[in-house]
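Please arrange chain D on chain U, whose structure you already have, making use of the hints.
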Amino acid sequence: MTELRKRGGGGGDPDSSENISDKETDGDDRLGLQGDMEGEGDGDSKADTPDVPLSSADTDNTPQCLNKALEGLPPRWKNYWIRGVLSLAMIFGFFLIIYMGPITLILVVMSVQIKCFQEIITIGYRVYHSYELPWFRTLSWYFLICVNYFFYGETVADYFGALVQREEPLQFLARYHRFISFALYLAGFCMFVLSLVKKHYRLQFYMFAWTHVTLLIVVTQSHLVIQNLFEGMIWFIVPISIVICNDIMAYLFGFFFGRTPLIKLSPKKTWEGFIGGFFSTVVFGFILAYLLSQFQYFVCPVGYNSETNSFTIECEPSDIFVMQEYTLPAAIQNTLRWKTVNLYPFQIHSIFLSSFGSLIGPFGGFFASGFKRAFKIKDFANTIPGHGGIMDRFDCQYLMATFTHVYIASFIRGPNPSKVLQQLLLLQPEQQLSIFHTLQSHLRDRGMLPAAPAHHD
Amino acid sequence: MALDHQFVLSLASCQLSTLCSCVCDCQSSCVCVNSRLFIHKQVSSFYRWKNYWIRGVLSLAMIFGFFLIIYMGPITLILVVMSVQIKCFQEIITIGYRVYHSYELPWFRTLSWYFLICVNYFFYGETVADYFGALVQREEPLQFLARYHRFISFALYLAGFCMFVLSLVKKHYRLQFYMFAWTHVTLLIVVTQSHLVIQNLFEGMIWFIVPISIVICNDIMAYLFGFFFGRTPLIKLSPKKTWEGFIGGFFSTVVFGFILAYLLSQFQYFVCPVGYNSETNSFTIECEPSDIFVMQEYTLPAAIQNTLRWKTVNLYPFQIHSIFLSSFGSLIGPFGGFFASGFKRAFKIKDFANTIPGHGGIMDRFDCQYLMATFTHVYIASFISLYLYYIAVVNIMMSTPLHLSVSFQRI
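Quick mapping for you: the protein sequence lines, in order, are chains U and D. Per this note's numbering, numbering of the first sequence is gapless, rising by one per residue and ending at 467. Per this note's numbering, numbering of the second sequence is gapless, rising by one per residue and ending at 752.
Bound-form chain U, shown alone (with noise of 0.2 Å):
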């Protein structure tokens, strides 16, 4: 979440004060970090307090278009315009890939991720200037493509298991799937410590651990998005929603009736804006889990057909998007007169991942927003006119994804059924019969299966 950000014009304006303050915390932050630094006293402290050159973020980027139509506006509600239109524009995008299906949103969550994952580095080298260490760029793109190859081999052989069983070379790539990928990280590995040129050593150790942190907090993420994806499009779609409707919600409240700041590092946001979207998400993806829970297209994992070589998203819906009556609290009945009423069970989860939402998501946009104070950066790219770059706009869904991830993992789905058949299915027979035992002494006890029969004399 990026407070608003003065663009184009920019002088002689009544928020020319606010830049100006700024300057002056910044200006007392560059001194107040050089004096944590001068204890180094070595050739590389002017790589530990650069001065991050002026980066194309701050630089006017809105299309001629929109500078044009709006020219005749002073420039605070040209801002707000851009700001608008590109929040539309970006709300009908995210519409647009949903009707596109299953197929597009992972190749959009993969761009988005390779985009976040060059932005973070790009400011990596803007700030420590190793440009000239060329190996590094190739070194982190390698790294980048292992651990997706990583991930991407986990989900693929989980959820496309008949498609793998059949090509001979993709079973050979599943059987020592994790082998192939160490084996991958271990060259670049490899090939990190046979470029350690003498007088970088300690620029080129924080490029590989800014690196792999990038990888640690972006690549980790899109996957478990992605892993939420084919649980169904429901858990995709409903907790970026959530976290959308809580940035705009958050920003109007504290636009109206913000008054008391929250914390010092975003000293944009109010607790009124914080309340108030708070209680405006859950009643928003309250509304929103009711409409999305009538649609197989939504709730149903998504399948591969084997056969028909395509996604397939249809299914009996789970329990969960089966509406129930549910009896009121007393104290409730007696204020609305209803005795009972029809919720989808998801809606009451819907309440949880909304709290989630507004009241801990905001702590990773807190965190991006000290990152960019951190290293003195207005914003992480200028990819999109008025909003920043693509990180901007997604720092507070990723713990609200992980979030996600461990919500199904702990109260929606159980053990993946398919997933220990293929397990056992690569045992050996032996184990199997073993196996096959133990379970049906199991279900015997639990009585779900018949008792055993009387013993032959």
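Read the hints as simulated data drawn from the structure, not as lab findings. Check each hint, because a few of them may be wrong.
Only some residues are given here: those of chain U computed to face chain D with a beta carbon under 8 Å [to be verified]:
#, residue
1, ARG188
2, PHE189
3, PHE199
Glycine included, C-beta positions come from ideal geometry on N, C-alpha and C.
Okay, now just chain D, sitting in the frame of chain U:
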């Protein structure tokens, strides 16, 4: 140690040169120089031998300690692995503090240790749930913790994350982000791999002992070969490593691994997976040894048949696996050591810490082990895959019967 040595050396040379310049004049200066060199050599060789003795004695002590903890069984091993992990983590974090002068950020030490506990809790919970399935089923609170394990771990981690965000102080943003990243990369390297070591251990103590012994042997053999025959430098990062040491270490480690595999494959104590007996509440290491630990007859290829005049040879299949493990440990394992050397040079430190006299910190001894542990784990998972059995069984047992029967009906 080396620091003391240099200091005394320079002191001796200094005093000697003063003596010479007082007593000698230009004609006899070469005599002075010779005597100065002579005493210089004596002093330095004294310190070198002292160094060698200390290093030698401590190497033997560590190897003896290794045997001792193997003898004492799996629980002791797990405790030792945990303490090594905590010590390595503490060493690396302390280096981070020193590099960034971040002692004045009191939250940070707390947060780093908190993250360590969280990640350990997550990993140990996954391991315990897998291997102590019976125990977990019995105790009600453990069942709750096991069922919602991932959620609880995530919640704990999130609490730490939020504390980090709330602890960001205006003037120290960058420092705090550096320490955050430093902590996470350390966790990734140290904690993940110590848990892989423990998972290897549960497969059978031989999967713990053989890789570690391979790395130790490679260290020692490469050092000895380099000492006696070393001439061609190997890599600029570590100027004392030589190609002769590298190759000599490789061959001797393969032979050593082969012999060690033969010796250990005969005992159930090493070969059987560590099991937990819920009745007696103890670890049992009894089983029918898997096929790879049963002696088999291999027909030698024709070429070797002619030279050795043996038709077949009796080997444990595990010995063939040990050749692959040894090859990795000698050829790729040293890259872990080079990585650590580069790290030390990058941050201008001589050793990670000063825990072991003559050797440095715990991390210095274990830097090669980490790649080996990960490789062994991936090797087991890909080519041996005994643990799938346990995971499959536990997954089934953890399902509720209703869910399970319905699911299987659908399949």
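Q: Please name the hints from earlier in the document that this structure breaks, with their numbers sorted from lowest to highest.
A: none
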